[in-house]
Amino acid sequence: MAQTKVIMPQMGESVAEGTVAKWLKQPGDKIEKDENILEISTDKIDVEVPSPAAGYLIDILIEEGQTVEVGTPLAVIADSVDESAAAKQAAPPKKEKKAEKAPEPEAAPKPVEEKPKAEKPAKADEPVDKRKFYTPVVLRMATKHDIDLDSVDGSGMGGRVTKKDVLRFLEERKGRAEAAAPAGERAEMPAMVLDGSEEIITMSNVRKRTAEHMIRSKQTSAHVTSMQEVDMTPIARYREAVKDEFRKQNGFPLTYMAIITKEVVETIKEFPNINASVDGDKIIVKHYINIGMAVALADDTLIVPVIKNADDLSIRGLARAIYDLAHRARNRKLTMDDIEGATFTITNHGLFGSVFGTPIISQPQVAILGTGAIRKRPWVVGGDSIAIRDIMFLSLTYDHRIVDGSYGGRFSQRLTERLESWDPSRM
Amino acid sequence: MAEQVTYIEAISQALREEMKRDEHVFILGEDVGIYGGAFKVTKGFLDEFGDERIMDTPLAESAIIGVGIGAALVGMRPIVEMQFIDFISSGFNQVVNVAAKYHYRTGTPLPMVIRGPSGAGVSGGPYHSQSPEAWFCHTPGLKVVVPATAHDAKGLLKAAIRDPNPVLYFEHKYLYRRIKEVLPDEDFVTPIGEAAIRREGADVSIITYGAMVWESLAAADSLAGEGIDAEVLDLRSLLPYDKEAILGSARKSGKVLVVTEPSLSYGPGAEFAAFIGEEAFEYLDAPVRRIGALDTPVPYSTSLEKEYLPGREKIAAAVKELAGY
Chain A
3 MAQTKVIMPQ MGESVAEGTV AKWLKQPGDK IEKDENILEI STDKIDVEVP
53 SPAAGYLIDI LIEEGQTVEV GTPLAVIADS VDESAAAKQA APPKKEKKAE
103 KAPEPEAAPK PVEEKPKAEK PAKADEPVDK RKFYTPVVLR MATKHDIDLD
153 SVDGSGMGGR VTKKDVLRFL EERKGRAEAA APAGERAEMP AMVLDGSEEI
203 ITMSNVRKRT AEHMIRSKQT SAHVTSMQEV DMTPIARYRE AVKDEFRKQN
253 GFPLTYMAII TKEVVETIKE FPNINASVDG DKIIVKHYIN IGMAVALADD
303 TLIVPVIKNA DDLSIRGLAR AIYDLAHRAR NRKLTMDDIE GATFTITNHG
353 LFGSVFGTPI ISQPQVAILG TGAIRKRPWV VGGDSIAIRD IMFLSLTYDH
403 RIVDGSYGGR FSQRLTERLE SWDPSRM
Chain B
1033 MAEQVTYIEA ISQALREEMK RDEHVFILGE DVGIYGGAFK VTKGFLDEFG
1083 DERIMDTPLA ESAIIGVGIG AALVGMRPIV EMQFIDFISS GFNQVVNVAA
1133 KYHYRTGTPL PMVIRGPSGA GVSGGPYHSQ SPEAWFCHTP GLKVVVPATA
1183 HDAKGLLKAA IRDPNPVLYF EHKYLYRRIK EVLPDEDFVT PIGEAAIRRE
1233 GADVSIITYG AMVWESLAAA DSLAGEGIDA EVLDLRSLLP YDKEAILGSA
1283 RKSGKVLVVT EPSLSYGPGA EFAAFIGEEA FEYLDAPVRR IGALDTPVPY
1333 STSLEKEYLP GREKIAAAVK ELAGY
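Residue numbers (the numbering used here), protein chains in the order written: chain A, 3 to 429; chain B, 1033 to 1357.
Source of the hints: derived by calculation from the structure; they are not laboratory data.
Incorrect hints may have been included.
Unchecked claim - Facing chain B, a subset of chain A residues (Cβ under 8 Å, in silico):
1. Ala18
2. Lys134
3. Val140
4. Gly158
5. Met159
6. Lys165
7. Leu169
8. Gln221
Note that CB positions come from ideal geometry on N, CA and C, so glycine has one too.
Next comes chain A alone, as it looks inside the complex (with noise of 0.2 Å):
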């Protein structure tokens, strides 16, 4: 611990002592050496008087304004502001007065510049985001399994993925492949743990498989939606007329899906194509017309029941047909037959309002028709009239690898055609 004191300068042979006209530092200051620190006047020069070393002023000894002896201690320098607090203690009661000033140069951050750096460079390291850090035999069993490892939740340090949480993953995604089979199966009620602002609800299993048949059936096929607007209107008043007959008769009633079915089978069958699946490099066009029926379920999950043949069902037998399964779906009564081999699929996204859709293919089928919800707007008929007609409008989604637009077009436009030339004498 080095400490200089500042002493009252001779400043002449016969000059016994000076006076402390000001102080150039503060306690706490850094000094350079020979640096002025304070002026001193004596009765017969005012000179500035330099520092005899560098370091920290930490202590004024003599205020401004006092005359003392020449050879008097005015302040102390001392290496580092640290020192300087140990000074402090060291210092006698009678400079415990401007002690109380000092407490500002502990607080001076410079010396910790000083020390040191980190003794151990190995640690220098910035810590690593644990979540994504896979380790060897994480990143084997992803690869080997085909997992995409951010779908894996980690429980090891720092939120790391572990070899438990993958073999665990396995596990539940196996579990989830086994229960995929069977149709009307018991809907897993979601869990739901209540988390602040946020709410954690486990994917049931209906919601798994649908999310992985979404995504896979997007990264397949190469979907065009394209709309046709079709004047429902003839349809639209015929059904009006008979929907409470035919209800009361029938005992199930008569659909705008009934109908456009109908319309659809038939246009399949001037368009075979579009009934097609894809295996490889060949495109499987199938004879027979199995139309599925996207049916909303209560807990608000989606499943595909199928109309099989509809070829050989009449607009009623539709009718019937749509109920029928309507109904089990809803009950939860389907059999595996009722939703597999479809080859055709329409969804009828109108129902929740939507005139648009984008419908998303509904894996092995080449094409989806979406209907949208039937509004009564202004239209231009006959020529240049304006009349109030029930308008609709279809969107087709097809997987362009085997439909081209074209040929999409020309289905969708005759189907259109179809609809919006129907007369009664086709039920």
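Please arrange chain B on chain A, whose structure you already have, making use of the hints.
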């Protein structure tokens, strides 16, 4: 016999049975004859076998080992005793440069066993507590075995005596009278180079040998209550060591702790850890960790020795850390 046999009695049994089985087998060492051995391993042997088969030697390890080498070369099967294995360093050159390399240089087999009490935990201080296996494992031409149970104390000694190579048999003095078990009546041999799973587990693998097997088992037991399932693999042989067993255990858990009694740096643990890192890399779910004694001579003071040595608490803490990695 359904009575339990201590580790040290098992050694005596093996020596006695082999000396009876093969007249070429003989024992030489300090105080083995009249005194019956510093630990009484050969008590009664002088009366039973005579002084040409139980030979008291001068205090001169280099000469004792050298005589053993000479006897082995003319067809005898010497068992050289080092009163404390620490003293083997006085005969180091005979072991590593003569015995270890003789067959390599001349084609003549050199069947001999060098055995002695090794290991710490008895306040023996620096010269009565060493575990010098690393020096000899690093010497091609030797075999090194380290029994942890009474069964293997007998079986490995017999295997060593019957082996045509120079075999270093490091018996652990701490285990001498502390462990015992019922041994088979019939003649049996523990194969050199084979490990044994002492406790099966799938969460963390503890690779260990000697007295540390028991500390590892105690640690594993204490962790079972916390749901951590540790496997304890007793290597039994260090040179050669059971690579398949180590890999099997490492692959199963993905998390390995190597526990060895000698000081940590440059010890046998480093060999096993490196091997696992090389050969089981794709199965690892955590870094391979080692536990060993501090890098100092063995302290004399009991409390310092306890701090110096690995033990069940340190092992359990390391296993727990690995399990949570």
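> What hints, given by number in increasing order, does this structure fail?
Replying inline: 1, 2, 7 and 8
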